[in-house]
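By the working numbering, the letter at position 24 of the sequence shown is numbered 24, and the numbering carries on one by one without gaps.
It is possible that part of the hints are untrue.
Calculated cross-link-like contacts (lysine-lysine; reagent style DSSO-like; alpha-carbon spacing at most 30 angstroms) [stated by the list, open to error]:
id, residue 1, residue 2
1, K177, K190
2, K242, K206
3, K132, K201
4, K244, K221
5, K27, K201
Hints in this document: simulated from the structure, not taken from any laboratory.
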Amino acid sequence: MENSLNVVGVIPARYASTRLPYKLLRKICGKTLLQWTWENASSSHMLDRLIIACDHPDVEKTAKAFGAEVLSTAVEHSSGTDRLAEAVNNIDTKIVINIQADEPLVHPLIIDSLAQEMLSNPELVMATVKKKITDENEINNPNVVKVICDKSDFAIYFSRFPLPYFRDDDEKVGDEKIYYKHLGIYAYTKDFLYTFKNSPKSYLEKAEKLEQLRALESGHKIKVIETKFESCGVDTEEDFQKVKRILSKKGKI
């Protein structure tokens, strides 16, 4: 019988993509988008195991070629959470971290901080990450999800709309107008993962197309930790070119 693990990371890797077809297999200087994500996640010190959960032979072949542990999952899954749940179904672990496959800039310390937060606070069932927005272009970009939190750093709401809304343009709260973007990485207790997965889609989730709103609307709390590290999800060709420029500036390519 497999020994119990503390933290398992899963990268749900769906082959098809509506806005940017087959993006995970697109290459930046000889490495696929998926490999960049996996290499960064592999540098985490808190993960006891890292799995790529895929739905297509081409993804499986590519991931195995660069050394990843790969699990083939059903094609029919409608979300990364469903794929995540299938991947860890037979794994004895306390915490599961959902690492988005299209986040090639994800910093391993983000993963470590999230894992540490969950392990040190057993009352938590779900946690995620925010970063202060420094690029004004991201404020009104609906592909950049914003989050607002209470004084204990639990999420109040996530939206594609700028949050908070400053009613009077010349009135500031404190010294500046502050917006936080949500980074698409989640940690769950394994038990809560299945509670969440089996809950029906909520009204707000359907409206914003944001799965995490299902948890809030059901009355569950989501802890939000802040990071200084930048990340960038690749949803469009513009995102892909942005990531390519960033990796180039860092001397990665």
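A quick look at each hint next to the structure:
1. Annotation: proposed proximity of K177 to K190 is violated, straight-line Cα distance about 37 angstroms (limit 30 angstroms).
2. At most 30 angstroms may separate the alpha-carbon atoms for a hinted pair to count; K242 and K206 meet this at roughly 29 angstroms.
3. At roughly 29 angstroms between alpha-carbon atoms, K132 and K201 fall within 30 angstroms of each other, so this suggested pair holds.
4. Among the hinted pairs, K244 with K221 is inconsistent with the structure: their alpha-carbon atoms are about 36 angstroms apart, more than 30 angstroms.
5. With a C-alpha separation of about 34 angstroms, the suggested pair K27 and K201 falls outside the 30 angstroms cut-off, and the hint is violated.
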